[in-house]
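*Asks:* Sequence:
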Amino acid sequence: SNLQDYYLIVDKETNDAYFCFNKAVKDGWNDLVQNYEQITEVELEFETNERGNKKVIRLPENATTLEKAKYELCEKILGYQQENNISDKELAQKIHLTTGETKDILYCHIDYFTLDRLITYAGRLFAPREIKVIVEPKKDNLHARTV
1439 SNLQDYYLIV DKETNDAYFC FNKAVKDGWN DLVQNYEQIT EVELEFETNE
1489 RGNKKVIRLP ENATTLEKAK YELCEKILGY QQENNISDKE LAQKIHLTTG
1539 ETKDILYCHI DYFTLDRLIT YAGRLFAPRE IKVIVEPKKD NLHARTV
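When you read off a place in the sequence shown, starting at 1, and then add 1438, the result is the number in this note's numbering.
These are calculated hints, taken from the structure and not from any lab test.
Honestly, I wouldn't trust all of these hints.
[What the hints assert, rightly or not] Here are the simulated lysine-lysine pairs, BS3-like style, with alpha carbons at most 30 Å apart:
| # | residue 1 | residue 2 |
| --- | --- | --- |
| 1 | K1532 | K1514 |
| 2 | K1541 | K1506 |
| 3 | K1532 | K1506 |
| 4 | K1527 | K1514 |
| 5 | K1514 | K1541 |
| 6 | K1506 | K1527 |
| 7 | K1527 | K1541 |
[Claimed, not checked] Label pairs and their computed distance ranges (CB to CB):
| # | residue 1 | residue 2 | range |
| --- | --- | --- | --- |
| 8 | T1558 | S1525 | 29 to 37 Å |
| 9 | G1517 | T1537 | 13 to 21 Å |
| 10 | T1503 | I1524 | 12 to 20 Å |
| 11 | T1536 | F1564 | 28 to 36 Å |
| 12 | E1499 | E1528 | 16 to 24 Å |
| 13 | I1572 | G1538 | 25 to 33 Å |
| 14 | K1506 | F1564 | 33 to 41 Å |
These numbers were taken from a predicted model, which means no experiment stands behind them.
Think of the CB as a built atom: it goes at the ideal place given N, C-alpha and C, for glycine as much as any other residue.
Could you build all of it, start to finish, from the sequences and the hints given here?
*Replies:* Next comes the structure, spelled out in structure tokens:
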């Protein structure tokens, strides 16, 4: 998923702003929407507001390799759902999870799942059933430092 798929959602009652996937807006969060627009940046936060609505997140630059791998798998599963235009319930059936657990994946709650579980769920969606792990050296910081 790219950042164009994220929306800023404003809760009418509290004026709290939070981020949401386009899909979540279509799935019933639109009763909370005062105003939404495409955004270019989102900040990492695992939070819920008082009403239990989850904030959608992206990883910070200093995310661990494990966090990056888990997040990428969540994004791939979300991408599959969007490309195939299937509901959360249909996706849950395909990966053999409850709808609630599936939504946790779609909202990228990487702290709720182990990497091996996410690999198993992704393997149920994608053919051929092969997941490659690519290990690349860290990129050096290209910013010049003035002393």
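*Asks:* List, from low to high, the hint numbers that the structure doesn't satisfy.
*Replies:* When the structure is compared with the hints, numbers 8, 10, 11, 12 and 14 turn out to be violated.
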